[in-house]
Structure formats: C-alpha cells, structure tokens
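Participant: The lines below spell out each chain.
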Amino acid sequence: MDDLRAVNRDVGTNATKISARGVQVHYGDTHAIKDVEVDIKERSVTSFIGPSGCGKSTFLRCINRMNDTIDICRVEGDIRIDGDDIYDRTIDPVQLRARVGMVFQKPNPFPKSIYDNVAYGPKIHGLARSRADMDEIVEQSLRRGAIWDEVKDRLHAPGTGLSGGQQQRLCIARAVATDPEVLLMDEPCSALDPIATSQVEELIDTLREKYTVVIVTHSMQQAARVSQKTAFFHLGSLVEYGDTDEIFANPKDSRTESYISGRIG
Amino acid sequence: MTTLAFAILLVASLAAYALNRRAATGIRNGGARLHSVSNYHGLFALLLMLVPVLVVILAWLVLQGSVVNAVVMGGLPDGTLTGLEKGQVDLILAEIQSIAGGRVFGQPEPWKLAAAERLTELRQLAALGLVLVTALLCLAIMIIARKKVSAEFRARQGVERIVSGLMIFCSVVAIFTTVGIVASLAFETYKFLRLVPLTEFLFGLNWEPQIPIRADQIAAAGAFGWIPVFVGTIVITIVAIVIAVPIGLLSAIYLFEFAPKRIRAVAKPLLEILAGVPTVVYGFFAILVVAPAIRSIGASLGIPVAPNTALAAGGVMGIMLVPFISSFADDALSAVPRAMRDGALALGATRAETVLNVLFPAAIPGIVGGVLLAVSRAIGETMIVVMAAGLMANLTLNPLESVTTVTVQIVTLLIGDTSFDNPKTLAAFALGMMLFLVTLVINIFALRIVRKCREAYD
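Protein chains in written order, with the working numbering: chain V, 1 to 265; chain C, 1 to 458.
Take the hints with a grain of salt, since some may be wrong.
Claimed, not checked - In silico EDC-like pairs for lysine to aspartate or glutamate, Cα to Cα no more than 16 Å straight-line:
1) 123(V) / 179(V)
2) 112(V) / 353(C)
3) 123(V) / 353(C)
4) 261(C) / 68(V)
5) 106(V) / 342(C)
6) 210(V) / 42(V)
7) 424(C) / 188(C)
8) 424(C) / 200(C)
9) 261(C) / 71(V)
What the hints assert, rightly or not - Below, a sample of chain C positions facing chain V; criterion: calculated Cβ distance under 7 Å:
10) 343
11) 345
12) 346
13) 347
14) 348
15) 349
16) 350
Don't read these hints as lab results, they were simulated from the structure.
Cβ coordinates follow ideal geometry from the N, Cα and C atoms, glycine included.
Using the sequences and the hints, build the whole thing.
Facilitator: And the structure:
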C-alpha cells in the first residue's frame, strides 16, 4: 500500500496527547464500547477503522464528550488529554469542546454566511478582541481549511450554497477557528465525491503539523493514505492498535487480517 | 322504499364485484395473461355501478317531490286556481299535503280530498318507480360490466380514472363552496356600497350603525366608517400577540431544549389541552376573572379602567394563542437538522447559545409563519371578544379603554329581527368582506414564509 501514501509519514513527536484506559460505553442496555485502551500521539493522524456498528464513532464522540448530549448514553473509564481527566467534575464539556474540535460525516454548515460560520466559534469563546482580529482569525482558519482561495471573494454568501466538498472544508475551517489541540473527524469524506475526498485528505495531512487528528473512516485506503497510527475496532473492542504500516502489512490479530482482506465488515 | 333502493344498489354492486372478480380469475386460471389483477376487474364493476346509480337515485329523490306536486296541481278541476296569487296556490298545495299526511283540519272541499288521495298514490308510484329503475339499472350495468371482462381489458386504468374523477369532484366541491361564500359576501357588499359610499366606509372615523325607523326621524342617521372598528380589532390583536408570542416561544424553547424528559412528557399535553378549551369558556374567564382583576388593579393604582377593556379580551385571547404558537415553534425547531445542533455543540457552544444562535435563526421562518397565522386567528376570533370586549366603537389605542372589533359588530348587526335591504344589516357583510381580505393577505404572507423555510434544507 506504500504507493497510496500522500506524504511520507513520520510522527511529529512521541508525546501522548490522549490516553484512554478501561473505557466502557452503554447505550441503554447495549454495551457499545468494551474496555478500550489507547494512547494517541500528539501531532499525528490516528485512524479508527472497523466494520459498521463496531463502536469507532462512539469512542470518537467520547473524546469531546458529545455523547453527553444523548440521554441514554453512559460512559465509564478514564480518558485523559494532556494528563487531565476529561470526565472529571471540574471539567466543563463546553470548554473541552473548544479544545477538541469535531468534523462530522455530513457537512453541516450553519445557515449563515461563510464568514459567520467560521467566526461563530471564536465569537462565543471571546477569542477576538476586535473586528480586525476576527477577520484575521477567519482568514487564517479558511486558509488552514484549504478553502480560502475559493471563497475569499464571497465571504458573505451563505455557507449552505457551497458544494459538498467545499462545505466539508468550511466545516474543518470552522472547527480549527477555535484553535483546538485535537481535531476529531467522523467519516469526513463519506458524503464526498472522489475529487473532494482527495482534497480533504490532503488537507488532513497538512493539519497534523499543528493538530492531533483522530479520524474515523470506512475506507481502508484512506486510513493507509492519511494516518500514521491505526486502530481496528470490532464489536465494541479495540482489537489491534499500531503503526499504520504494521497494521496493513502484517496484522497480528486474525480478525484484523480478515477485515483488511475484506472477509468481515 | 328509498332504503330498499339503496339496499338493492349495495347488494348489486357487491355482487358485480364478486362476479367480475370471479370471471377474471377464471380467465387467468384458464391460462391467459390478464392485463389487470382480478381485484381491479371487481373494483371496476363495483365503481361502474355505484357511482352512476347513486347519482340517479339522489337526482330522483331531489326531483320527485316537485314533479309529484306539479302533477297533482295540474290535475285539479279546471278553474280552481285561476286568478290566484302564488302565495295562495302554495297554501292550497300545503293543505293538500297535510291532508295526505293524515292531518285534516275542518271540512276540506271534496276536490282537495281527491287531490290528497292522488298525491298519496303518486308518491307510492314514484317510490315503486325508484326501486324498479334502480334494479333495472343495476342489472343492465352488471351485464355491461361482465361483458367487459377479458384478458386485455384495462380494468386498472378504468378504476384509476373513476377514482381520480371522484377526487376531482370532491376538490371542486370544496373550491366552489369557497367561491360561493366569497361571491355572496361580495354581492352583499356591493349592495351595501350602493347605499353607503366606499370612501365613507373605508375612511370614516365614526361607526354608529343605525337607521331611522321613520322616514322623518333626523337624530338617528347612522355613520358607517369602519376605521374605529378596525382599530379596535388591531388593538386587541396586538395585545393578544404581545402576550402570546413571548410566552409561546419561550415555553417552546424550554420544552424543546431544556426541559427534562419527564417535565416535557407532562407539560406538552397540558399545553395542548389549553388549545382544546372552547373559546366561550375563555370568554367568560375574561369577563368574570380577568376584567374585574384588571379593574381593581387599575383602581388601586389610581388609573381609570373601563369595565370591558381591550386588555382583558386581548390578554385572554393571547393565552388562547399560546399553544398555537408554541406548537408551531416546537415543530420549526424540531425541523432543524440534528447536524446543526451537533455542529454548534462540538464548537463548544452551550445549549443556550446553540438554541439562540443556530437553531432559532434556522427556525425563524417557520416561527414567523406560525405567528402570522396566529395573528389572522386573533383577528377573526369572535366569541371571546363578543363576551369580553365592548360594543361602543371608540377610536382609541389605549388598551385600558373599551373597544369593539369587526367580529363583534358583525354579530350585533345580525342579531335579532333584521331586514336585508338596509345599510345596517348589509354593513355586516361589508365588514365580513374586509375581515376576509385582511386575513387573506396575512395568510398569503404566512404561507410564503413557511414555504421559504422549507426550501432552506432541501
């Protein structure tokens, strides 16, 4: 799979950004995540792969506590970002989510202008001191989202008028506008066509210069192309976790091997 | 006998259904490929019989009475009716009918008794005829329908044509009813405008709908300017909307976003019960509870308050509109895709920020549509204001004064013995026409806004 890589991949640092220990998630009576342990490295791209319903998205949503918005969901265990327990009582999920941005499966720009979409996060968190400051943040975020050149002349046009791929990059720009440390992506390319997908993948590869990126994907080629570490989930358990090269070249677990070779999933 | 005719039709149509279905199944079992499923062959026969025969029976019943009467009156001895006016002829007919019905008063002339007997005979004959005609028609149609059954016959298309014809007929009935109502309003309004000039009606500042009883009575000349009545409606509507919109919206937002499940489960049905309270109950709530309360509060503050204020009527009307606006807002908020909420929450927005900055703007077209519909309901609301608002048309914007509304005036103008050729009565139609136009314009706006809201996410 070497030929599929976008850029040669060296993990930025070896420091652990996110560490999970003994994470259990229940949806009502369903045990969705079983005892997951993982260490995610700083400034790298980590991908979660696995068949549908294996819990990879659920686990991703634990990292910014989005599962809190679902009434029947119960999370146990220990997830730390930079050593801080994010499920601690003193942690405000609202502030946590400013540090841990998220991009969803379907592009979901607000029905506002492109500018306001990006400016919304910085505005509610008070990141800009002046109008000029905000303009600066918006421009920079749109540049990081690799969409600045396409929209710089129509910043006040509605964000919903963009094409699907542009909308998704706008959503990435919106997520990086609050200057998060971690960026979670839940199948960010599944609603996009191949050209838009490759644009977003390129973007993901550049994002790891600054952010710790965790991406859930159904496409194994995508995992191979963009990520340095890969975790394989099956039936709510983390089966195997390691360097992407290793996982795809010689998977240790037979389930991983079956999945990669297309026998399960 | 009429019941018998209907029974024959019902049985015959079911029989035709069974017959054709069976015939079609027979063809299929014989190895041929049917164009339509055998059920459609049966339905085709059923509809082919039901619709025309039903029309014939109903037409017969409508026409039977007048035909029989005409025959009886024509059969009276020569010269009985010469030189009589229409009213007297009708009187004779009515007497003959009551004799035929067994109610004999005094000693009727023998020719009346003979006519009554003839009437009874003719009626029986007509009823018998109806049954016979029904039976014959059913038989004929059953044979025609049965002959149509063949492998190639397109029974499904036939059924679809008949059913779509029925649907067109029903929608035409609804449309023509509306057109008829508007036309009669327009006609009476035209008659009113021949007696009272349009400019006086539209721009006059006085509303004293009275007419001189005697031709030489000077003091009682009326004035028909609708402005004060309309202003009264507007004042009450504004009071109602000012109360209903904040309460309705905030309760909807609370129930939608913040209320725990258990509270929502109790509060939403309770709010809907509020929508089911009859307006007459709101009316006496307004006049017995709210109006005296406002008056005593006003008295303790030293403000003069009229006994039936616009505030009381409008306030209670506002309460009536709360569930309306609240359910509209709830629908509009629920229609915003969940992805919007997630997007905002994932950016670190609080629930309040999510609702106010993202969900609410996305829902605003739907909410505005609901509010405009509430406005047109408030304008057209009658019972609460008839009970709680005043009758005097004061031109004032003060909600603590007594005002009257268009609907109240229409009710008072048409109550009691009225003749339909004087401006006092006709004014009610003119008011109704204006009310119709105002609410029509508001409804058009509301629908446009609601449509725009739908387009946003499709």
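Participant: Given the hint that residue 261(C) pairs with residue 68(V), test it: the Cα-Cα distance must not exceed 16 Å.
Facilitator: Holds: residue 261(C) and residue 68(V) sit about 15 Å apart, inside 16 Å.
Participant: Taking 7 Å as the limit, does the beta-carbon of residue 347(C) come near enough to a beta-carbon in chain V?
Facilitator: Hint holds; residue 347(C) Cβ to chain V Cβ min 4 Å, cut 7 Å.
Participant: Against the 16 Å threshold, does the CA-CA distance of residue 210(V) and residue 42(V) hold or violate the hint?
Facilitator: holds, 9 Å
Participant: Verify the proposed pairing of residue 123(V) with residue 353(C), using a straight-line Cα cut of 16 Å.
Facilitator: holds, 11 Å
Participant: So if I understand the rule, the pair passes when the alpha-carbon distance is 16 Å or less; does residue 424(C) with residue 200(C) pass?
Facilitator: Holds - the C-alpha atoms of residue 200(C) and residue 424(C) are around 14 Å apart, at most 16 Å.
Participant: Return the status of the interface hint for residue 345(C): holds when the least beta-carbon distance to chain V is below 7 Å, violated otherwise.
Facilitator: holds, 6 Å
Participant: Have a go at the residue 343(C) hint: is there a Cβ in chain V nearer than 7 Å to its own Cβ?
Facilitator: Status holds, d = 4 Å.
Participant: Taking 16 Å as the top limit, are the C-alpha atoms of residue 112(V) and residue 353(C) close enough?
Facilitator: Holds: residue 112(V) and residue 353(C) sit about 15 Å apart, inside 16 Å.
Participant: Does the closest beta carbon of chain V sit nearer than 7 Å to the beta carbon of residue 350(C)?
Facilitator: holds, 5 Å
Participant: Return the status of the interface hint for residue 348(C): holds when the least beta-carbon distance to chain V is below 7 Å, violated otherwise.
Facilitator: Since chain V brings a Cβ to about 3 Å from residue 348(C), closer than 7 Å, the hint holds.
Participant: Decide if the proposed pair is consistent with the structure: residue 123(V) and residue 179(V), CA atoms, cutoff 16 Å inclusive.
Facilitator: With a Cα-Cα distance of about 12 Å, the restraint between residue 123(V) and residue 179(V) holds, given a limit of 16 Å.
Participant: Holds or violated: the hint that residue 346(C) contacts chain V, with Cβ atoms closer than 7 Å.
Facilitator: The hint holds - residue 346(C) has a Cβ within 7 Å of chain V, the shortest such distance being about 4 Å.
Consistency note: the structure conflicts with none of the earlier hints.
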